[in-house]
Structure formats: structure tokens, C-alpha cells
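**Q** Each chain, written out:
There are 2 protein chains.
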Amino acid sequence: MSLDMEQRRAAGTVAYRYQGLIDEVRRQIDSGALRPGDALPSVRAMRQRARVSAGTVLHAYRALEAQGIIESRPRSGFYVVSGRALKAPAYRYQSLSAARDVDAAGLIRTVLSSTAEQATVQFGSAAPAAELLPLSKLQRLSNRTVRQASQTAHLVTEPQGHGRLRQGIARHMTTAGCAVNPEDVVVTNGCTEALMLALRAVTRPGDTVAIESPVYYGIPLILESLDLKVLELPTSPETGVDLQAVEEITRQGSAQALLIGANHHNPLGFVMPDRAKKALVDLLSAKQIPLIEDDIYGDLTHAQSARPRPLKAFDTAGTVLYCSSFSKTLSPAYRVGWIASSRYFETILKLKMASSLANNGPAQLTLGEFLNAGQFLTHLRLLQHRAGVAVQRTLNAIDREWPAAVRVNRPIGGILLWIELPNRIDAQALHRRALALGISIAPGALFSDQLRFTHYFRLNCAQPWNDVTHNAIKKLGKLIDA
Amino acid sequence: MSLDMEQRRAAGTVAYRYQGLIDEVRRQIDSGALRPGDALPSVRAMRQRARVSAGTVLHAYRALEAQGIIESRPRSGFYVVSGRALKAPAYRYQSLSAARDVDAAGLIRTVLSSTAEQATVQFGSAAPAAELLPLSKLQRLSNRTVRQASQTAHLVTEPQGHGRLRQGIARHMTTAGCAVNPEDVVVTNGCTEALMLALRAVTRPGDTVAIESPVYYGIPLILESLDLKVLELPTSPETGVDLQAVEEITRQGSAQALLIGANHHNPLGFVMPDRAKKALVDLLSAKQIPLIEDDIYGDLTHAQSARPRPLKAFDTAGTVLYCSSFSKTLSPAYRVGWIASSRYFETILKLKMASSLANNGPAQLTLGEFLNAGQFLTHLRLLQHRAGVAVQRTLNAIDREWPAAVRVNRPIGGILLWIELPNRIDAQALHRRALALGISIAPGALFSDQLRFTHYFRLNCAQPWNDVTHNAIKKLGKLIDA
Chain C
4 MSLDMEQRRA AGTVAYRYQG LIDEVRRQID SGALRPGDAL PSVRAMRQRA RVSAGTVLHA
64 YRALEAQGII ESRPRSGFYV VSGRALKAPA YRYQSLSAAR DVDAAGLIRT VLSSTAEQAT
124 VQFGSAAPAA ELLPLSKLQR LSNRTVRQAS QTAHLVTEPQ GHGRLRQGIA RHMTTAGCAV
184 NPEDVVVTNG CTEALMLALR AVTRPGDTVA IESPVYYGIP LILESLDLKV LELPTSPETG
244 VDLQAVEEIT RQGSAQALLI GANHHNPLGF VMPDRAKKAL VDLLSAKQIP LIEDDIYGDL
304 THAQSARPRP LKAFDTAGTV LYCSSFSKTL SPAYRVGWIA SSRYFETILK LKMASSLANN
364 GPAQLTLGEF LNAGQFLTHL RLLQHRAGVA VQRTLNAIDR EWPAAVRVNR PIGGILLWIE
424 LPNRIDAQAL HRRALALGIS IAPGALFSDQ LRFTHYFRLN CAQPWNDVTH NAIKKLGKLI
484 DA
Chain W
4 MSLDMEQRRA AGTVAYRYQG LIDEVRRQID SGALRPGDAL PSVRAMRQRA RVSAGTVLHA
64 YRALEAQGII ESRPRSGFYV VSGRALKAPA YRYQSLSAAR DVDAAGLIRT VLSSTAEQAT
124 VQFGSAAPAA ELLPLSKLQR LSNRTVRQAS QTAHLVTEPQ GHGRLRQGIA RHMTTAGCAV
184 NPEDVVVTNG CTEALMLALR AVTRPGDTVA IESPVYYGIP LILESLDLKV LELPTSPETG
244 VDLQAVEEIT RQGSAQALLI GANHHNPLGF VMPDRAKKAL VDLLSAKQIP LIEDDIYGDL
304 THAQSARPRP LKAFDTAGTV LYCSSFSKTL SPAYRVGWIA SSRYFETILK LKMASSLANN
364 GPAQLTLGEF LNAGQFLTHL RLLQHRAGVA VQRTLNAIDR EWPAAVRVNR PIGGILLWIE
424 LPNRIDAQAL HRRALALGIS IAPGALFSDQ LRFTHYFRLN CAQPWNDVTH NAIKKLGKLI
484 DA
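From first to last, the protein sequence lines are chains C and W. Each residue of the first sequence is one higher than the one before, counting from 4 in our numbering. Each residue of the second sequence is one higher than the one before, counting from 4 in our numbering.
It should be emphasised that the hints constitute simulated quantities derived from the structure, not laboratory data. A hint or two may mislead.
Unchecked claim - With a straight-line cut-off of 30 angstroms between C-alpha atoms, the simulated DSSO-like cross-links for lysine-lysine are:
(1) C/K290 - C/K232
(2) W/K232 - C/K232
(3) W/K232 - C/K140
(4) W/K281 - W/K232
(5) W/K232 - W/K290
(6) C/K281 - C/K232
Unchecked claim - To list a few chain C residues with every Cβ distance to chain W over 12 angstroms, as calculated:
(7) P39
(8) Q51
(9) R54
(10) A132
(11) R174
(12) T178
(13) A197
(14) R203
(15) R207
(16) D245
(17) A309
(18) R310
(19) K355
(20) A408
(21) A432
(22) L482
Claimed, not checked - Partial list, derived from the structure: chain C residues whose beta carbon lies under 8 angstroms from chain W:
(23) L144
(24) N146
(25) Q151
(26) H157
(27) V159
(28) T195
(29) E196
(30) S228
(31) A357
(32) A366
Fair warning: this is a prediction, and the values are worked out from it, not measured in the lab. Using N, Cα and C, we set each Cβ at its ideal position, and we do this for glycine too.
The shape of chain C in the complex, shown without the other chains (with noise of 0.2 angstroms):
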């Protein structure tokens, strides 16, 4: 640690007392110098090396307790909280998949209908928690924008969508990596509706479409939907889809379209790492198979972390069509999305008018003023703080009271946990237990059209941390114990 610290401190670009603590051991965590269950030095010995108070160094370590990131043990010191490694799914690459054998519709309305009962503890849901989204600031903002613009807000019904929120999701993709036109840009509803024209956009009924496995359950539905068949490529929960099984299904022709998410990746969590990302993108754009992409998650990094590229920050030759929304990020139901592709954007632009004409104005208006405000990453910024904090501390719950034998990812980003029992288990009865308990998650069943994660689960650790919540972690626990 100290050649780095020394370094800074001499050259003195960093106002290096407090914060830049909190910050150092944050890095050294995220590196791997520190790792789980390491001590942290001595509050004497950090006093010395970082050359500031015994008080500041204890701030510093409270600081970071309370992010959930370190936890101290009586008359022992500070140690780096322990979340499990996931390993790798044990299955390997299979052919076409076969009819459906679960009924998702009706396990994804379960749990999306339980979203509305507020008694019940949303770890089955995917979306962030209301302390984790700007609502006052939103409906300020809404009051006033509205009012000034009320012929605007209520009678502009145009398909492509509000001029002023296509420049600020340009903007905003801009500085993600990707440079794109508003000309290119569609408005949607929420990233499904994206999703849902994109894949109209490039396939006809009867065509294949290769996603990762496991999956977000929404898409097998959509697909299925639009009479498509799904071919579920291996992915690796550390490096996201295999390129090797990419290169296969291109070589065979056996795909029409890729649908991939390589950020923050729901349920796994991964980042495709920038070479693989590259590679995946010119592979496809060889063959001209169109890839659409879902980087929905994209903007959620913790805090330490640069936010990933966008495959489509890597594609020149108008291979992916980029699909994302505001949903976890600002209010999951304005129901605000987009769809970027300059290539398929006429397509586009008349599926969407056949599909729901327009948008909502009242959120469109909002949303554009808030993105052009410069709000949006002033929020972005304390949003991934939060969501980094949220996954560290359930981690921290987890590590206490769930039997040792359950395997949890540790992600770099998003607010979603992919959880591995025992292979005895099965999650969709854990998941009826838990319900009954007032408590909801995301069964793994619902992730892949092949039953391959009956005994995996998805939580959402964007949660209120309080006695309900944290005790709906040991309920859980025991339930998985008996």
C-alpha cells in the first residue's frame, strides 16, 4: 500500500486525509491486495504509514463499517468482510432448446405482483429500492415542467420521441464510450419494449436467437412471444458468454440474431471484460449477424469502478443495436427506454408506431429536462455509491447467517446477487416458503428455458436496511438450513 500512498502524497494531487483513506482501502479490496477476511492494519500502524491522526484513521475504518465493506471484531481489530466465490455452472454447451417446461409467465407474474404488496420484502425483484432513486427531485421537476409545458407534455404524441430526451440520452451514451446521433436514437416503453422491437426489428417468426444462459426471465418471454427459438449459450458468470460457442453458432449459421448483456449482467453479475466485448462484436459484425445488446445495468458501477463500455462503444460497422432505459436508475415505472441503431432505425421507427405510437409525455418531458439539467450524473455518481453499499452489506448478512455451504457472486456493479444452494435444494420451493413469509426472490428456474438452476436464486439487495429486511435474511437462512 505505502509505495502508492507515499507517491501520491509527495506529489500531493490528492487532498489525502479522510476520504482518501476510505478510498485506498476501497481500491486495495477491489484489487485483491486486501481480501476477504484480511485484517486491516492497526489503527496505530495506518496512523503511522498514511502519516494522519489515530482519529482520522478511526473515522475512516467507522466510515467504511458502515458501508458494510469492513467489520470489527471486539479486541481484535478491522477485518474485510467475507462474501463466498461462485463458482462456475458445472454445465457445458448444449444444442437447441426444446419447448418451454416451465410456466415463467406465471412464476414472473408472482413475483411482479408481489412488487405491489407493500408488506412484502422485494429480494425478488429487480428493481432499486426508492431510497436509491431521486423521487422528490423527479416530481419537483415534473410539478414544474409540466406546468410550463402542458400542451407539450399532454399532446405531442411523436413515435421517435421527445427531441430534447434523445439529445440527452445521446449525451448521456456519449460518455458511457459510444458516440451516437439523437437521429438514431427510439424512445420506448422500458427497455422490454426495446428489446421486444429490436428483435422484431432484425428476425422473422421461426428464427433463432442466441442469448446467454442463465438469462433476465423477461427475454425467453418476449422470444417466446415472437415465435422465435432460443439457443442458451454457455456463459461464464466471471466473463460473460463463451466466444468459443459464439464462433460455433456463427460458423453453423444456427442463430439469426445475439441478444447480450455484457455489463453487470442480471442474474450473474459479470463485465465482459474490453477484449471479449471486441471480439464478440467483430465476430458478429464478419458474419453481419445483427447483436442486441442489454445494458440496462450498464450505468449501475460501484463506486470504485469505471463504468463498463457498452459493446456498442465497439462496433463500426452498425452490428448492435443498443437497447437500455431509466428504470434502474431513476423511476422503474415511467416506463422510459431507448433503442440506438442507425442502421435499423426506419425498421424500428414503424414498429414502434404499430406497437404504442408514443411515448408518455409527462415523463419524457421530466426526463429531458433532468438529463440536460446535468442531474442525471450528479445522481448516477451517488446512486452507484448506494448500490455498491447495498451489495456489501446483504453480502455481509449472508456471510453470517446462511449456512456455509451456499455460494454467493461478488459484483462489481448492479444490485442483484446470483445465489447457489446445495444442489438438493430447490429454489422454487424456497421460494413458496419464503412467500409465505412475506418475503419474495427470483427463483432460477425462471432464468433458463432448461431447468439448469433449480437450485439457484436471484436477490435484490437494493433494499431499505432495516430489522425487517435484515431479519428477512435469517428467515431465509433458516429456511435454506432445515
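Starting from the known structure of chain C, arrange chain W on it as the hints suggest.
**A** The following block gives chain W in isolation, referenced to the frame of chain C:
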């Protein structure tokens, strides 16, 4: 006139003075007892017949004049304003339509985009003017309800839609003559998504759907996007779809579904007689052919008529999938519509999940409150009156300003006029020339796959009534004349 008046005065059931006089004259006009161009009784004669003061008669006549129902001619008295009667189109029933000859998507985009330009006179749109909508009321209600239920507004993403809104919708449909269960209602992104989901629920790609001709231009666009074939049915401007043609195609089995608008049809303006509605529903029920009903203008009956019953009111077998929205009555850009169908409910809900997951939360919350607070019916009465006035004053202006060879219908509901130009005048050329003057119209070619209506256009009467609008009517008259 006098017998009915006398009876009612004697019975003492009506406060018969100023308002009673207005109602009576309007009823006489609606019934045809007073016809366009007819002189009204002189003030003196009416004073004696109705046994009211001369001031009351004059007051009532002036009010009717302000509504555009009658007009005063200097030194001559008051006359019923005249609108020209539209003759039924001369085309005959044709078989399956061939490929589309018009770039409808491009034309539609031109028409819709022009709605975003504030400078343009919006005769081409089908949206009600801001003056007809309770925008400030909605906004105040939205500010309050969203503030009070911020989490519900922003976090609840139920595919079926908010329960409270569905209850309000079901109650409203009951007042329109359909007993509908809130559990059978799915909230959609406007009527477009409703129609799209209904079509997907009852057809497969390659199927044929029978529709009216002319028909709202969005409908062929939806059908085309779903790879559905179109069968255009001959449609009377007075009574709607030709039942003999329907009987013929049901006998032949040449359509897998029908999509029909029975009330204040866009663009023709007719209301199907109840007997024809019942016959249509019975015919399709007997053959188990699904009937998708587009009732988006159903609530826009002008003040003097009862709200016509939907086809769904005649449905005892579950044949009708009822589609509508609040785009014509509350806010076009809210994008809140719905489908009501018990039989196809599960399929529709699954398709909704795969199409756009859920609807905008703040809009649902606000409309749920608006409907349940009883404000909707109060607003509708005002809207219906204003729509009637808007149509009548436009008819008056056309009568004064346009060449006599132009023919116009006289709808008893809605805000649209269907206008027939002399044969040699191409409405698309007129559209282009008018647009250059800042005036949009909807050329007839949009309303059929068959280029049957090239010398027709649709005109939206719901405009702010001022010099600009009036001049636009004059300019159109000159363009037609030239």
C-alpha cells in the same frame, strides 16, 4: 314543436326557460324537424309559443349562435346553419387487397410530426385541442397524488395495470352499457397497443383480418407490422360496415378476425344502429370469429345524443375484445388505453408483459384518481358539448368559404369531418400545398390500402377557434378552388 313543449310545461318536470329553449331547438335540429337553412321562429312568435319573455328567447338564440348551431342574418332573423350531406362512396365490395401501394408510414410520420410544430394548424391530427381537455385539473391531481403515493407511482410495474384504474375503467364501461369485470381489463400504452395486443391474441402471422374501408390509418400499419393480410369491407358513411359482406366472408371463412369501430367512426363519423351492432356480434359469435372493437371515440357523443352502446354491450359469448383509451377524452400523450376481454385475458396479459411490461405509473395513478373521484363524467359532459360546437362551427365556416362541389358529413359525435373533393382534385397534392402554408390535413390515401380515397381528406375540428384557424379554412377553400 309546441305539443311536446306544452305537455312538458304542463307536467312541470322541466325548468323550461332559457336552457329548455336551447335544448328544444337542438332537439328539433337533431331530429330533422328543423333542417339546415331553415328559418327559426321569429323572436316574437317564439315568445308567444313558449310563453317566455322576448329577452329569454333572444338570450337562447344568441347562445345557440355562439355554439355555431344557428346564425343570424341581418334584417332577416335566425337560421339553422347548413352543412352539406356527404353521399355514400361509390365503390363496391372487393376481395383481398394486394400489396400496399402507399408509403403509409412516411405519410403518417409527416402528419404526426406536424403536431409537434406549434405554428401549424392541426387539421390533420386526430387529437383534441388543449382547450377541450382538463389539463390543469389533471396536472393538479397528478402533483397531489404522485406526491402522496410516490413509491406507488414510481415503483409499481404490474403488467395488468393499477387495480384502482381498472376499477374506474370497468365502472365507466358499465355506464356505457357493458358490464365488465376489472379483473378482465388490461391497461395498455394507448389504444394502439390495445389493438396490437388484441390482434396478436387472436391471429397468427399470415392470417387475414377484415376491416372497414376507409379506416383509421394506424390500423393497416399495425396489421402490416404483424404480417397480417387485410380484407377491406365496404362501409357506409351512415351505418358502418356492410353486414352482407361480413356474412359472405364468415361463410367463406376468409378472415380469422374482424377489427371494427362502431361509434363516431374515424374517419367516417357514423354510429352503427343498435340492430346492426347486435346482428354483427351474433353473426361472428355463431362462427366463433373474434371481433376486435375500437371504441376510442365512443365517449365523444355531442351533447344532445345519448352515448352509443359499444359492440361489447351486445356480446354474450365473449366474442368482442374491447379496445379504447383516454387519448381523445383526457390526454393523448398520457398513452393510457385498455383492453377488456374475459376470454382472451390470459393471452393478452402474457403479450403485454412481453411487449412493454407495464404502463407509466404516474399517469395510471392520476387517471385512477380522476375516474374514482367522479370527475370524468363531469368532464365528459363539457367535452361532448364543446366537441359538438367545434364540429358545428367548422361546418359553418366550410359552408361559407369552400366551393359548393365539396361534400362534408355531419357527425353526431367525435371531432372529425370526412370531406369529399371533386374527383379531379388529389388530396395528397392538397395536403402538400396546405402544409407549405402551415396547415396539416389527413389525405384520404392514408385511410385505405386501395387508393380508393384519393379525393377525400379528414379534418380535425377540435382547434382553437381564432383568426388563424378561420383563415386556414379560407386558405384551404382557395387551394381547393384553384
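**Q** Evaluate each hint against the coordinates.
**A** Results for each hint:
For the given pair, C/K290 sits about 20 angstroms from C/K232 by alpha-carbon distance, which is consistent with the 30 angstroms threshold. For the hint linking W/K232 to C/K232, the alpha-carbon distance of about 24 angstroms falls within 30 angstroms, and the restraint holds. A threshold of 30 angstroms between alpha carbons decides the hint, and for W/K232 with C/K140 the separation of about 48 angstroms lies outside it, so the pair is violated. A distance of roughly 26 angstroms separates the Cα atoms of W/K281 and W/K232; the hinted pair therefore holds under the 30 angstroms criterion.
The straight-line distance between the Cα atoms of W/K232 and W/K290 is roughly 20 angstroms, inside the 30 angstroms bound, and the hint therefore holds. Pair hint C/K281 plus C/K232 holds up; C-alpha atoms about 26 angstroms apart against a cutoff of 30 angstroms. Every Cβ of chain W is farther than 12 angstroms from the Cβ of C/P39; the closest lies at roughly 32 angstroms, confirming the non-interface assignment. Every CB of chain W lies more than 12 angstroms from the CB of C/Q51, the least distance being 49 angstroms, so the non-interface label holds.
For C/R54, the shortest C-beta to C-beta distance to chain W comes to about 47 angstroms, beyond the 12 angstroms cut-off, and the non-interface label holds. The non-interface label for C/A132 is inconsistent with chain W: the shortest C-beta to C-beta separation is roughly 8 angstroms, within 12 angstroms. Annotated as non-interface, C/R174 keeps its C-beta farther than 12 angstroms from every C-beta of chain W; the closest such distance is 21 angstroms. No beta-carbon of chain W comes within 12 angstroms of the beta-carbon of C/T178; the shortest separation is about 24 angstroms.
Chain W draws C/A197 into its interface by the beta-carbon criterion, the shortest separation being 10 angstroms against a cut-off of 12 angstroms. Non-interface status of C/R203 relative to chain W is broken: a Cβ of that chain comes within 12 angstroms, the nearest being about 8 angstroms off. Chain W draws C/R207 into its interface by the beta-carbon criterion, the shortest separation being 8 angstroms against a cut-off of 12 angstroms. With a least beta-carbon separation of about 27 angstroms from chain W, C/D245 lies farther than 12 angstroms from that chain, consistent with its non-interface assignment.
At the 12 angstroms boundary, the C-beta of C/A309 stays outside the reach of chain W, the nearest C-beta of that chain being 28 angstroms off. Look at C/R310: its CB is around 24 angstroms from the nearest CB on chain W, clear of 12 angstroms, so calling it non-interface holds up. Not every beta carbon of chain W lies more than 12 angstroms from that of C/K355, the smallest distance being close to 10 angstroms; the non-interface claim is violated. Listed as a non-interface residue, C/A408 keeps its Cβ farther than 12 angstroms from every Cβ of chain W; the least gap is roughly 34 angstroms.
No Cβ of chain W comes within 12 angstroms of the Cβ of C/A432; the nearest lies about 24 angstroms off, and the non-interface call holds. Every C-beta of chain W lies more than 12 angstroms from that of C/L482, the closest at about 26 angstroms, which supports listing it as non-interface. Taking 8 angstroms as the C-beta cut-off, the interface hint given for C/L144 is violated, the closest approach to chain W being about 12 angstroms. This hint holds: C/N146 has a C-beta 5 angstroms from the nearest C-beta of chain W, less than the 8 angstroms allowed.
Among the interface hints, the one on C/Q151 is violated; its C-beta lies about 11 angstroms from the nearest C-beta in chain W, farther than the 8 angstroms criterion. The interface hint given for C/H157 holds, since its Cβ lies 4 angstroms from the closest Cβ of chain W, which is under the 8 angstroms cut-off. Nearest Cβ of chain W to the Cβ of C/V159: about 5 angstroms, under the 8 angstroms cut. The hint holds. Contact between C/T195 and chain W, as hinted, is supported at the beta carbon level, the nearest pair being about 4 angstroms apart and thus within 8 angstroms.
Restraint check, C/E196 versus chain W: the minimum CB separation of about 4 angstroms is within 8 angstroms; hint holds. Contact between C/S228 and chain W, as hinted, is supported at the beta carbon level, the nearest pair being about 4 angstroms apart and thus within 8 angstroms. A distance limit of 8 angstroms between C-beta atoms decides the matter here; for C/A357 the minimum to chain W is near 4 angstroms, and the interface restraint holds. With 8 angstroms as the threshold, the beta carbon of C/A366 comes within range of chain W, its nearest partner Cβ sitting at about 6 angstroms, so the hint holds.
Violation of the numbered hints given earlier is confined to hints 3, 10, 13, 14, 15, 19, 23 and 25; the remaining hints are satisfied by the structure.
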